[in-house]
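Colleague: Here is what each chain is made of, one letter per residue.
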Amino acid sequence: SAVISQKPSRDICQRGTSLTIQCQVDSQVTMMFWYRQQPGQSLTLIATANQGSEATYESGFVIDKFPISRPNLTFSTLTVSNLSPEDSSIYLCSAGVWRNTEAFFGQGTRLTVV
Amino acid sequence: AQSVTQLDSQVPVFEEAPVELRCNYSSSVSVYLFWYVQYPNQGLQLLLKYLSGSTLVESINGFEAEFNKSQTSFHLRKPSVHISDTAEYFCAVSDGNFNKFYFGSGTKLNVKP
Chain P
1 SAVISQKPSR DICQRGTSLT IQCQVDSQVT MMFWYRQQPG QSLTLIATAN QGSEATYESG
61 FVIDKFPISR PNLTFSTLTV SNLSPEDSSI YLCSAGVWRN TEAFFGQGTR LTVV
Chain Z
1 AQSVTQLDSQ VPVFEEAPVE LRCNYSSSVS VYLFWYVQYP NQGLQLLLKY LSGSTLVESI
61 NGFEAEFNKS QTSFHLRKPS VHISDTAEYF CAVSDGNFNK FYFGSGTKLN VKP
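Protein sequence lines correspond, in order, to chains P and Z.
Every letter in the first sequence is one number past the one before it in our numbering, and letter 75, counting from 1, is 75.
Every letter in the second sequence is one number past the one before it in our numbering, and letter 49, counting from 1, is 49.
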């Protein structure tokens, strides 16, 4: 299994600012992903974080709004830029571990934009 | 592309009653199916998964799900629920990259005494 540490666990931000979320995995990781869970809705995949190269974004998500870094195998960051109240969500980091057919999830970051 | 539909957003049930949470999927390729559970104020945890073989899969806490290819369903069932089963349940599909999932909208199971 794997333990995924995500921080901050929650934050309240002013509109127009940015928030960077960090994700650290304690195991040998194959892939890392970022999801968004809007209030009352399901988890939506934002992007796949690729080590040493640009992230692969899902339809509807763009790099300018959600820049992602993955400088090494076990660490990634997601920045939510130019915040608006519509960005208020829970953001989750997920990782796949070598020889494991399930994904592991962090506890999430609850973002409130005021 | 893959998609998952969970028709029931909320399911209230009394303790010790049976429950079924419905999940239907669509995919143009072979799929692997999962149920994740999110207890209040906790992260997502894998409940059970279907990869291949027997179409009936079970979890350690009494839940089971059956993969039905003809009906493109993967319904979750438990013959007798407990208060502690109160949580939100997410059905998810993967296209073979086991780590990348597409989730349904979730079903909130509320077990009442």
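Rather than coming from a laboratory, the hints here were simulated on the basis of the structure.
A quick note: this is a predicted structure, and the numbers were derived from the prediction, not measured.
Hints are not guaranteed to be accurate.
Here are a few chain P residues that sit away from chain Z, every Cβ distance over 12 Å (derived from the structure) [what the hints assert, rightly or not]: (1) Pro8; (2) Arg15; (3) Gln22; (4) Gly52; (5) Glu58; (6) Ile63; (7) Phe75; (8) Asn82.
When the alpha-carbon atoms are kept at most 20 Å apart in a straight line, the in silico DMTMM-like pairs for lysine to aspartate or glutamate are as follows [stated by the list, open to error]: (9) Z:Lys100 with P:Glu58; (10) Z:Lys100 with P:Glu54; (11) Z:Lys100 with P:Asp11; (12) Z:Lys49 with Z:Glu16.
Using N, Cα and C, we set each Cβ at its ideal position, and we do this for glycine too.
Colleague: Which hint numbers doesn't this structure obey?
Modeller: 5, 11, 12
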